[in-house]
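Visitor: Sequence:
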Amino acid sequence: MVFCDKTQVCQYRLQNKTQTEMNLCVLFVCQVRKRWNGGTSPHTSNSLSGKLETPSAQKSSSIHENRCELQTEQGAEEVSRTQKHCTMATAANKNVEFVRTGYGKNMVKVLFIRRQGSRHSIIELRADVEITLNSRKDYLTGDNSDIIPTDTVKNTVHALAKIKGVKTIEQFSLDICHHFLTSFNHVLRAKVYMEEAPWKRLEKNGVEHAHAFIYSPEVYRFCEVEQNLNGLPLVHSGVKDMKVLKTTQSGFEGFFRDRFTTLQDAKDRFFCSSVYSRWRYNKSQDVDFDAAWKCVKETIIEKFAGPFDRGEFSPSVQKTLYETQLLVLDRIPEVEEIEIVMPNQHYFTIDMTKMGLVNKDEVYLPLDNPSGNITGTVCRKRARL
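Take the sequence shown: its letters are residues 1 to 385, numbered as in the UniProt record's numbering.
Source of the hints: derived by calculation from the structure; they are not laboratory data. From the three backbone atoms N, C-alpha and C, an ideal C-beta is built for every residue, glycine too. A couple of the hints might just be wrong.
Said to hold, decoys possible - Calculated lysine to aspartate or glutamate pairs in the EDC-like style (CA-CA distance at most 16 Å, straight line):
| # | residue 1 | residue 2 |
| --- | --- | --- |
| 1 | LYS164 | ASP175 |
| 2 | LYS246 | ASP361 |
| 3 | LYS167 | ASP288 |
| 4 | LYS240 | GLU195 |
Unchecked claim - Quick list of simulated restraints, FRET-style, between CB atoms:
| # | residue 1 | residue 2 | range |
| --- | --- | --- | --- |
| 5 | GLU312 | VAL207 | 29 to 39 Å |
| 6 | PHE260 | ASP288 | 41 to 51 Å |
| 7 | ARG119 | GLY376 | 37 to 47 Å |
| 8 | ASP151 | TRP199 | 24 to 34 Å |
| 9 | ASP128 | ASN282 | 20 to 30 Å |
| 10 | SER135 | PHE260 | 53 to 63 Å |
Given the sequences, and given the hints that come with them, work out the whole structure.
Guide: Structure representation (structure tokens):
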């Protein structure tokens, strides 16, 4: 135990000048002095205590020691609270202000199974849940009375999976936000980020297996839902880590040159990218989230690859990215805004002349970095009133 003796009490008074907190700390000192039979704390020398004790301080200490004599067993509990108060008491700093606060539970995992006779369907997900409360006393004074434990947040995700079921990760995220905003009077904001594991039903000769799946990480699906109290939810969906490559029908010519430019024009080149896309819906109800996500994924592949028999030429990553976005907005009215990021991951022909070999663009060196990074976000243009 770390004791708070008279020396620390005097220092505390000088630093904080709060009489209420001062009295609480002195009460704790009285209990300590009684425990040590009227002596000083083992952590402070008598000479130092003597220097700091003025007649007025001795008088004040005497008064509080007399009060201590009247304490019962219930006083021990008060002393424990006092010791905690001495270390946690603080005040808001007038020179700073809160910009944003929040807490929650990350990496909450769930696998939900839906059984329809002999046919089973699964969704495995990982959720990050964050909530914001209407007070900040937990930050300012260490008062935890309003905090919903993060373990409760985790349990809530599991319980809602049982109560509500999981149709899509978007709908389940909406259910989680709604629960926290309607079940507690002091929650101002709820935010959920969720990823779905890429399980794919086994299939052979066009026949789907009833209950067996294979982990197929060709693309990852994610969503993010954020809602403020009395506000409408904001829903985003997305794809990430969708790696695509084509060996021709891509070029890059006519770019700006300066004295540091060494890159040569390329009439024909590899085009490889690990695509990330995130889009925002203009509503959260009556949306087929599964169909919308599948449509965006297929549109990205369609514009990247082109027709299966001949492909489609891409003069730049920027052009392919923009045309993909236009097609998504045209096909899905519920999508209001879409961001696409397409890093340009390079493959270079390996020079084998020193080995006496002629490499006719057959052997390439993959280079993950450095890579180009092309990004763009577009939204629907609304008529001005």
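Visitor: Are the hints correct? Go through all of them and say.
Guide: A quick look at each hint next to the structure:
1. LYS164 <-> ASP175: Given that 16 Å is the threshold and the Cα spacing comes to 8 Å, the pair holds.
2. LYS246 <-> ASP361: Distance ~14 Å between LYS246 and ASP361 Cα, so the pair holds.
3. LYS167 <-> ASP288: 11 Å, holds
4. LYS240 <-> GLU195: Roughly 10 Å between the alpha carbons, so the hint for LYS240 and GLU195 holds.
5. GLU312 <-> VAL207: 29 to 39 Å: Check passed, 33 Å falls within 29 to 39 Å.
6. PHE260 <-> ASP288: 41 to 51 Å: 50 Å, holds
7. ARG119 <-> GLY376: 37 to 47 Å: 41 Å, holds
8. ASP151 <-> TRP199: 24 to 34 Å: 28 Å, holds
9. ASP128 <-> ASN282: 20 to 30 Å: Hint holds: Cβ distance 24 Å, inside 20 to 30 Å.
10. SER135 <-> PHE260: 53 to 63 Å: At roughly 55 Å between Cβ atoms, PHE260 and SER135 fall inside 53 to 63 Å, so the hint holds.
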